[in-house]
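> Positions in the sequence shown are counted from 1; adding 459 to them yields the numbering used here.
Don't take each hint at face value.
[Unchecked claim] Heads up, simulated DMTMM-like pairs for lysine to aspartate or glutamate below, C-alpha to C-alpha not over 20 Å straight-line:
(1) Lys588 with Asp552
(2) Lys507 with Asp529
(3) Lys524 with Asp599
(4) Lys524 with Asp603
(5) Lys507 with Glu496
(6) Lys507 with Asp552
(7) Lys507 with Glu546
(8) Lys588 with Glu510
[As the list claims (entries may be wrong)] Beta-carbon label-pair distances, calculated as ranges:
(9) Thr480 with Asn549: 32 to 40 Å
(10) Gly625 with His564: 39 to 47 Å
(11) Pro482 with Leu570: 40 to 48 Å
(12) Ile602 with Thr505: 36 to 44 Å
(13) Lys588 with Thr480: 35 to 43 Å
To be clear, the hints were calculated from the coordinates, so they are not data collected in a lab. For each residue, glycine too, the CB sits at the ideal point set by N, CA and C.
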Amino acid sequence: MLFTALPAFTLAGLLPPYCGTNPAQPQSLAPYPTSVEVVARALSHTAKRSEIFRGFLQFRLALQKAGLNDGFQWLDGSFTELIEVRESRNPNDLDVVTFFRRPPHLRSDPLWAEFFASNSTLFHPLSNKQNYHCDSYFVDLDIDPLTLVAQTRYWYGLFSHRRVTGEWKGMLEVPLAITAADHAAAALLMPGIQP
460 MLFTALPAFT LAGLLPPYCG TNPAQPQSLA PYPTSVEVVA RALSHTAKRS
510 EIFRGFLQFR LALQKAGLND GFQWLDGSFT ELIEVRESRN PNDLDVVTFF
560 RRPPHLRSDP LWAEFFASNS TLFHPLSNKQ NYHCDSYFVD LDIDPLTLVA
610 QTRYWYGLFS HRRVTGEWKG MLEVPLAITA ADHAAAALLM PGIQP
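With the hints as constraints, model all of the structure from the sequences given.
Spelled out as structure tokens, the structure:
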């Protein structure tokens, strides 16, 4: 089920960890599948948020140019909270974990290692924070299944709770492939300085 609107925020200003009354229903659990257009419409309502989301859209373009377009992204952090109400401040960035399939011609480990080395800045969190306002991390869906489960468990555990308070919260999931929703999202953003 694709969410065409984000779930209502809790009284604490967080996305709920599940929708409805039964957290045992898989379709009601976070991360909530949605589109970048829905996220932009709901969360890019200030100049700072528009600047951050514009960077995220540019990050997605960089991934596509590198051939990474099969997978999904989890979105979290203060950008996905009502942080202006909670802490009287703007969000600093958007936390992103990109779950991706390697391009078909790079499925072998030696070819992937070569690609990774030649595109290392694309996988560097500090570089992506500076260039795209994204605190970004990656999970390779073509790795050993046990490692994949461990990495997914780590990111879900980290993203489903606020680090400082331990509050349980929801997160968002968008497809990695760029679609018309990306262009629609860009059109929703407040004008800003283009990099």
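> Does each hint fit the structure? Answer for all of them.
Hint check results:
1. Lys588 with Asp552: 7 Å, holds
2. Lys507 with Asp529: Answer violated: Lys507 to Asp529 is near 29 Å, above 20 Å.
3. Lys524 with Asp599: 17 Å, holds
4. Lys524 with Asp603: With a Cα-Cα distance of about 26 Å, the restraint between Lys524 and Asp603 is violated, given a limit of 20 Å.
5. Lys507 with Glu496: Measuring from Cα to Cα gives roughly 17 Å; hence the hint holds.
6. Lys507 with Asp552: Status holds; Cα separation ~9 Å.
7. Lys507 with Glu546: 15 Å, holds
8. Lys588 with Glu510: Holds: Lys588 and Glu510 sit about 12 Å apart, inside 20 Å.
9. Thr480 with Asn549: 32 to 40 Å: Once the Cβ atoms are compared, 34 Å apart, the range 32 to 40 Å for Asn549 and Thr480 holds.
10. Gly625 with His564: 39 to 47 Å: Holds, since Gly625 and His564 (Cβ atoms, about 44 Å apart) stay within the stated range.
11. Pro482 with Leu570: 40 to 48 Å: 42 Å, holds
12. Ile602 with Thr505: 36 to 44 Å: For Ile602 and Thr505 the Cβ distance comes to about 38 Å; the hint holds.
13. Lys588 with Thr480: 35 to 43 Å: Since the Cβ atoms of Lys588 and Thr480 sit about 38 Å apart, the hinted range of 35 to 43 Å holds.
Violated hints, in rising order: 2, 4; the structure is consistent with all others.
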